[in-house]
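Novice: Sequence:
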Amino acid sequence: MGCELLQMRTQRRKGIFIPWMFVLGVFALRETKAALHNLETQFTGLAITDNLPDIIFNVWVDGQLLFSYDTQNKELLIKLGWAYPPLKNKLMEKLKEHLQQGGEDDLRRFCAYWMVSYNETWEVQTTQITVFCELDGDIQVDSRMRVGFDGETVCQLDEQSEGWVTKKSEVTRFCNYLEESVQWDRILVDECPRFLKIVLELFHLKENEPPEVTVSRHDGLDGKITLFCTARGFYPRPILLHWEKDGQMGVWGKETSSGTLPNADATFYLQLTVELELSDTGDGYTCVVEHCELGVPAVYPAPGKVTRGKSWELSLSISATTILLLVSAAAFIIWRKKDAWGHRSQEHNEEEGMSSC
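Under the UniProt record's numbering, the first residue of the sequence shown is numbered 1, with each subsequent residue one higher.
Rather than coming from a laboratory, the hints here were simulated on the basis of the structure.
Just so you know, not all the hints are guaranteed correct.
Simulated crosslink set (BS3-like; lysine-lysine; CA at most 27 angstroms straight-line) [stated by the list, open to error]: (1) K305 with K224; (2) K224 with K197; (3) K254 with K224.
Kindly generate the complete structure, drawing on both the sequences and the hints.
Specialist: Printed below as a string of structure tokens:
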């Protein structure tokens, strides 16, 4: 289902979901830079015995944990520290206020309705609501929502569906309740993208950084050659790495990827490896990297095999350097000892002379 139809349906519904995403509407928005960014919000409610569920609320932006809120300690933590402090403090106050006023009640209501509808007990019950949206500049390219209980998805909504998709027939009643009671479509096509834009504007998550790329080679004792292409310190997250041989793309062996992982400084890391066939000499390979900060694809050649002669020359050079350093150090130590002994002998002779006098 397209965004237009979702927006038409939004106008027909009365929603009760918390309006916390609109809290940030007080900040002016400029055009978002043309790059892929995504936002994932996750409400998790854990109910044990007859107690009200403990609510944990997390927000990730581009895979980085941005906000964390727990109803047990009533604390809202902002994990990224480079926001402008006055705005960050105002944001924390507003979000905390709205979460306490609306978010906790909403999740508790969902838990209660689920248990009443299906005669569940409050022994151990986990409720999870996940909202995801992705923007390419100012264009929304993806959005979806998932509701799960005890780790199992029961209802799902996305742009392609005409309504909630029921994953289990026995939960149809609950999914119909969601369909009728909440402006979920407004959250997907309006609130989530708006919140993502404001976060990107407010936090200036990271200046764009090109990747630092290294390509290395390992020759195994079994004769197998493994090539490593590592990209470090890049931002934003989207990046493409692939191997070419003699300028041609193809499948040259067993490829593995680390996946794009976050670094402590909010940049990202990715490593792509290929284990070549035994008959492959490993010559002519390049790692091609595509990232928005590079402008055009960058080509990094893989090193060739170190020959036995070169290896022997390198080992000999290292050995000679090590021996020279050891000899120099030994000579220095001997000189220092002789110098110290000479001073002590001179002092001893002077003392004997004084005694004679």
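Novice: Hint by hint, say whether it matches the structure.
Specialist: Going through the hints against the structure:
1. K305 with K224: 12 angstroms, holds
2. K224 with K197: Violated. K224 to K197 sits at ~48 angstroms, over the 27 angstroms cutoff.
3. K254 with K224: 11 angstroms, holds
The structure shown violates just one earlier hint, number 2.
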